[in-house]
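Just so you know, the sequences run in chain order D and C.
Counting from 1, one number per residue, gives the positions in the first sequence under our numbering.
Counting from 1, one number per residue, gives the positions in the second sequence under our numbering.
Simulated from the structure, these hints should not be mistaken for lab results.
Treat the hints with care, as some may be off.
As the list claims (entries may be wrong) - Pairs of lysine to aspartate or glutamate, EDC-like flavour, derived with a Cα cap of 20 Å:
1. K91(D) <-> D35(C)
2. K592(D) <-> E613(D)
3. K529(D) <-> E49(C)
4. K412(D) <-> E571(D)
5. K159(C) <-> D323(D)
What the hints assert, rightly or not - Chain D stretches covered by chain C per the calculated footprint, using a threshold of three residues with CB under 8 Å from any CB of chain C:
6. 79-85
7. 161-170
8. 230-242
9. 326-340
10. 476-485
Stated by the list, open to error - Some, not all, of what chain C presents toward chain D, calculated at C-beta under 10 Å:
11. D35
12. R41
13. N99
14. L154
15. A157
16. Y267
Owing to the predicted nature of the structure, the values given are computational and were not obtained by experimental measurement.
Glycine included, every Cβ here is placed at the ideal spot set by N, Cα and C.
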Amino acid sequence: MRRVLYVILVIILVIGLLKACIKRDIPESDTISTKNPSTEIKITYPEDQKNVTINGIDYLQSQASIGQFGGTLTSSTIGEGPKTFNPFNTKDNISSMLSEVMYDGLLTTNPVTGQPIPKLAKSFSISDDGKEYTINLRHGIKWSDGKPITADDVVFTWRDIILAGLGNTSIRDSIIIDGKLPTVEKIDDYTVKFITPEPFAPFIRMLSTPIAPKHIFEPAVKKGSEYFDTFLSTNTKPENFVTSGAFKLKEYVPAQRVVYERNPNYYIINKNNEKLPYLDKLVYLIVGDLNNEVLKFEAKELDVINLQGSKVARYKAMEPHSDFVIYNLGPNTGTMYLAMNLNNRKNDKGNFYVDPKKQVWFNDLNFRKAVDYAVDRKNIVLNIANGIGEPLFTAESLNSIFLNKNLKPYDKDLEKSRELLKKSGFKWDKQGRLYDKFGNRVEFDMLTNAGNTEREAIGVMIKQDLEDLGMKVNFKPIEFNSLVNKLVNTLDWDVVIMGFTGSPLEPNGGKNVMMSDGTLHVYNMRPEKDKNSPRYDFEKRIDELFIKGALATKFEDRKKYYDEYQKIVYEEKPFIYIYSPTVIVAIRDKFKNVFPTSLGGVTYNIEEIYVGE
Amino acid sequence: MEIYKYIVKRILQTIPLLIIVSLISFFIIRLSPVDPLAELRLNPSVSQETLQKESQRLGLDKPIIIQYGKWAKSFIKGDLGITSNGEKVSTKLKERIPNTILLTIIVIFLTWITGIPLGILAALKWKTSFDRILTVLTSIGMAIPSFFFAVLLLIFAVKTGWFPIGGLTSANFADMTFVGQVKDIAHHLVLPVTVLFTLSLAGLQRQMRANMLDVLDSDYVKFARAKGLSEFKVIYKHALRNAVNPLITLLGFEFAGLLSGAALTEYVFQYPGLGRLILEAVLKSDINLVMASLMMGAIMLVMGNLIADILLIITDPRIRVKS
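With the hints as extra help, turn the sequences into a complete structure.
Have a look at this one:
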């Protein structure tokens, strides 16, 4: 009896202690119901930045309101941090982002309209045949070490680094047209001309690739590609970086943070003609996981955070009493999908990759459509993304400038599914179990990568949806690497739930997925030996559309081709798209000139952001 | 002279051991289905050529036995190779080793300086309320999972704002004065040290208490008491010296744990130590990095045991006579 008392006492003590140190997020007097946080913030974007020439120097002038100099913005990256600061060597998103902070490209993307606009270049023009790109550079602008930025830097970057195949060659690989590369030539010190062998629309996006300072990179390039791979690595001293971006590296502490300081020679000025950026320092903390990031934001160590669906409601309730503002940036560029293995070929050993009886189902459009109509996307968005997402029906992401808006969403419709299945001769027994016309029970494996809680949860919900149709779904989350191996090498899978990140600006980036001989043509992978195997009609048409879409130069023409490809995917259902999460960002309200957009995110105009009262 | 012979013999014995350890670990890592290029393969913008170039660079296109041979050859030459990102393994390790050593040394120092006296006290005050309270506290310390405790402390830090959320230094560390920097590091160390300290204190205190109780019960202590020696002399001259012996072996293990001790705690607190580096390397199957750390762990363990054995020879005459 005494023991029980002791235990109870200890528990009360512990609870009391914990209670004592917990501050309430929301003052007790002010509960959620009293203040309605649903007021959407209306962002008024400033005018586009303008070219201004002062004393012979071509500046870019910000049209945003004038701010105060000084202060620090602390953001974060999740994972292990950068692997290199050389923008031409990066193979992962974090390294590219962290190195591109320091190097501007010739062009950039208008964060509102998505159109290419000049950045390091003063202006650009494209010839009528769509093959010649003439770039005029700014006079008098300088690298962070005071040397001028000229056509030599541009020509060097393109000819000796990118087209020569140093570092990461993905840009070079993506602009090989019929086995030929574009060429670059210097017209005069401030004019450069690019010529592509054929009209090739995606090339314009490549011009936002960073430009390297020739006087720094040339010695490294001369030492060959092996040396170049280690050039400007994370061990390089910060003072050895010569940059053209708003910031330059100040300090990199492995596994902790990357600190940048302002570039005193930056070429963007404010309306008072003072050189930007306003901020003295830009800090990226390297955090290991999402949970830690949230804790750091709440402890005010971070100024900006991307919020996960499950956290949005709580933050929204906290917002009126806190020092941050929440922005809804709309759907992200990810496309979550379910795909069936349409492969009907045999592997090296003469066995089918996919069980022949399953091949019959997966290759039957009615079957794919039945599955599609059975998926309850709205429910998935509601339950998995806490309503912070949009059902997805198209191959291009919802914020893409090429999105085909004529493809209408629809709701779950089990009746329609049943009809479609009946049309193809599927039958149900008395217990409601589904059999095909040969009397085989419809049963397949559905895979996803274990550890991705979002996909695991989607899998469970889709399994239930499909079991309503009488299918037997064995849902198996497996380890990421094994899954990739199955998808890309052994090809022995039935159904998979995966996601790709796309580009909202350039559908051609998805050609490896959509074109029938692509390296990621997941639903019908063709390894080397199958490269010439027969294509489905819709695959042939998509191939044609991608080729035409890349060669067309006018946006309207391209849009037509890419609209048609999205329509084909929408109708043929090789991919059954599920939903796109919405990007919700919180940023401290002391930062001014914050104009978030769906395409640019929050900090695309980092040079204009300042700390106000 | 005897003792030098012994040391040389022991060192020679470790060579086959290290070979076996390296073989087993290499094959386990390489035969596991983890593909270091999986991430790249699923990236739509990465071309086939890049993938081939990468797999050549990492030597993935050769049979495992040749890969092992290559690794072993350069390891013997003292070259630890490069990580899958092309950075030198040795520099990667050099970045992290001081941080981990700082953390573990502080923890070991604190646990030993408090654990041993507390163990002795608990044994002397056996079955009093002091002993009981200590037993309850150390049981809690042993029972609470380290990552859970760490997460609790993090939440505590967020809610009170008294401590930073993980890491080792603040963002403006470089601009601080020396005293400020020391303070900043100390501030960051409080929580991780608390977790590790609570955990290892419990074990050490109970070990010491048990040893001491054993010894206090032995005949020679009874004899010493019967002889009329003062209690102080009985305990500190006779009992303690004997009770400490098993702890010397334990110290050997602590030495091994210097570099590999606290991966979970490091991970939760985002501490820039070796544990976190290696955990990430294992997940990516970054073979050179994993192998380097495993070999380092093995060597440290062997050395720790060797040092403990030598210390035992010095402190305990009984062992000297036998050998």
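Open item on the list: Can you confirm whether chain C covers the region 326-340 of chain D, using C-beta to C-beta distances below 8 Å and requiring at least three such residues?
Closed with: violated (count 0)
TODO: Take the region 476-485 of chain D, compare each residue's beta carbon with every beta carbon of chain C, and decide whether three or more fall closer than 8 Å.
DONE: holds (count 6)
Open item on the list: Holds or violated: the hint that N99(C) contacts chain D, with Cβ atoms closer than 10 Å.
Closed with: With a closest approach of 8 Å, the N99(C) hint holds.
TODO: Please work out if K529(D) and E49(C) have their alpha carbons no farther apart than 20 Å.
DONE: holds, 17 Å
- [ ] State whether the coverage of the region 161-170 of chain D by chain C holds or is violated, taking the criterion as 3 or more residues with Cβ-Cβ distances under 8 Å.
- [x] holds (count 3)
TODO: Go through the hint on D35(C) and say holds or violated, using the shortest Cβ distance to chain D against 10 Å.
DONE: At about 5 Å, which falls below the 10 Å cut-off, the nearest Cβ of chain D leaves the hint on D35(C) intact, so it holds.
TODO: Answer holds if the nearest beta-carbon of chain D is closer than 10 Å to that of Y267(C); otherwise answer violated.
DONE: Hint holds; Y267(C) Cβ to chain D Cβ min 6 Å, cut 10 Å.
Task: A157(C) as chain D interface residue, shortest Cβ-Cβ below 10 Å - done: Check passed: Cβ of A157(C) comes within 7 Å of chain D, closer than 10 Å.
Open item on the list: Checking hints one by one. Is R41(C) an interface residue toward chain D, by the C-beta closer than 10 Å rule?
Closed with: OK, holds: R41(C) within 10 Å of chain D, min 5 Å.
Task: Pair hint outcome, K159(C) versus D323(D) [Cα-Cα no greater than 20 Å] - done: Satisfied, since the Cα-Cα distance of roughly 16 Å is no more than 20 Å.
Task: Restraint satisfaction for L154(C) [CB to CB of chain D, less than 10 Å] - done: holds, 6 Å
Task: Straight-line alpha-carbon gap K592(D) to E613(D), limit 20 Å - done: holds, 9 Å
Hint 9 from the list above is the single one not met by this structure.
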